[in-house]
Amino acid sequence: MNGMTLIVKTITRLVLGFIVVFGAMTVVYGHLSPGGGFGGGVMLACGLILLTLAFGRKAALEVFREKLLTSWDSFGVVSLAEIVFIGLIGGYAMGHHISHGESFRLLSGGTVMWSNIVVGIKVGVFLFAIFMAFAAFRMNDNREWRE
Amino acid sequence: MLLLYGLIVFMILGAIIAIETKDLLSSVISVGAMGLVLSIVFLILGAPDLAMVQVAVEVIALIMLIRLIVVREDVTIAHRYRYGDVFATSVGLIFAGVFIVFAAIAYRGMPSFGNPLFRVSQEYISEGFDIANIPNLVTAILLEFRAYDTLGEATVIFTSIVGAFVILRKKGRND
Numbered sequence: 001m002n003g004m005t006l007i008v009k010t011i012t013r014l015v016l017g018f019i020v021v022f023g024a025m026t027v028v029y030g031h032l033s034p035g036g037g038f039g040g041g042v043m044l045a046c047g048l049i050l051l052t053l054a055f056g057r058k059a060a061l062e063v064f065r066e067k068l069l070t071s072w073d074s075f076g077v078v079s080l081a082e083i084v085f086i087g088l089i090g091g092y093a094m095g096h097h098i099s100h101g102e103s104f105r106l107l108s109g110g111t112v113m114w115s116n117i118v119v120g121i122k123v124g125v126f127l128f129a130i131f132m133a134f135a136a137f138r139m140n141d142n143r144e145w146r147e
Numbered sequence: 001m002l003l004l005y006g007l008i009v010f011m012i013l014g015a016i017i018a019i020e021t022k023d024l025l026s027s028v029i030s031v032g033a034m035g036l037v038l039s040i041v042f043l044i045l046g047a048p049d050l051a052m053v054q055v056a057v058e059v060i061a062l063i064m065l066i067r068l069i070v071v072r073e074d075v076t077i078a079h080r081y082r083y084g085d086v087f088a089t090s091v092g093l094i095f096a097g098v099f100i101v102f103a104a105i106a107y108r109g110m111p112s113f114g115n116p117l118f119r120v121s122q123e124y125i126s127e128g129f130d131i132a133n134i135p136n137l138v139t140a141i142l143l144e145f146r147a148y149d150t151l152g153e154a155t156v157i158f159t160s161i162v163g164a165f166v167i168l169r170k171k172g173r174n175d
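If you read the protein sequences in the order shown, they are chains A and B. Heads up, the first sequence is in our numbering, so the first residue is 1 and it goes up one at a time. Heads up, the second sequence is in our numbering, so the first residue is 1 and it goes up one at a time.
Watch out, some of these pointers could steer you wrong.
According to the in silico footprint, chain B covers these stretches of chain A (three or more CB under 8 Å from chain B) [to be verified]:
| no. | segment |
| --- | --- |
| 1 | 7 to 20 |
| 2 | 38 to 51 |
| 3 | 78 to 85 |
| 4 | 122 to 134 |
Keep in mind that the hints were calculated from the coordinates and are not lab data. Cβ atoms here follow ideal geometry from the backbone N, Cα and C, with glycine treated the same way.
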């Protein structure tokens, strides 16, 4: 997949930082404002897809190599399982091994903030991997998946 | 209220246009417009989390659909009416009519919009902030009270991406 014209590349250079920062803010402040892990992850994936469409397949793969896509996804699932299940050691359900602070602060809410970050990474990498598998690697000519 | 009903009528018209038009690009654009109007309907009904996710996912789905259309050679659908179509359409309409009648009868017994039926839902709304100290109630229910369901959903997403990679790797090898 090749890139697009110069106008699209210039606008992407200006706008991509804002998209990624807004997606990260939606993920991290998920327990205080609307959004959360799923919405922020989809926005991060949209930023990566914009990078792929504007600059071509090779520029996106320099940022994020193919071998790392499934690794980041696995890290997301295992981290979420670890956060949820590790409370069972002390006899509590999830959320009680990190204390709830005062409300309306950033570091409050127990495990909710860390779960939001992990789910945001997972959903963002998942949508970007689906896009690469269906739309970017279909144009490949008779070459296998390089591992 | 009038705005809500107007937008719902717009969505129905968009769905009918998406099915009945012969050009594939027109139907994809109509699906995209329908998704955008759905996110406005979510905002009117008071769900900003759903509206944000709906806009972003609609953009991604539209990009992938347009890419699939551009790759194909012919972008129109040729449809010949056959004899079995009349029977299939009439049976479908009869079953849809029976379902709508029974749904309308069952709808009168349900509680109104905003008063939940189960006791647990009422306790989440009234005591959720005191127990968990998290202002966003939707995130609190997803990740604090019902975190095991979120873990199951994350597992389903992970299985689907592994399955997609396995299938596409085999396709790339045989071509």
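Hint check:
With 0 residues bearing a CB less than 8 Å from a CB of chain B, the segment 7 to 20 of chain A misses the requirement of three and the coverage assertion fails. By the rule of at least three residues with a Cβ nearer than 8 Å to a Cβ of chain B, the coverage given for the segment 38 to 51 of chain A holds, with 7 such residues. Interface restraint, the segment 78 to 85 of chain A with chain B: holds (3 residues with C-beta to C-beta distance below 8 Å; minimum three). Check result for the segment 122 to 134 of chain A against chain B: holds, 9 residues qualifying (beta carbon to beta carbon below 8 Å, three or more required).
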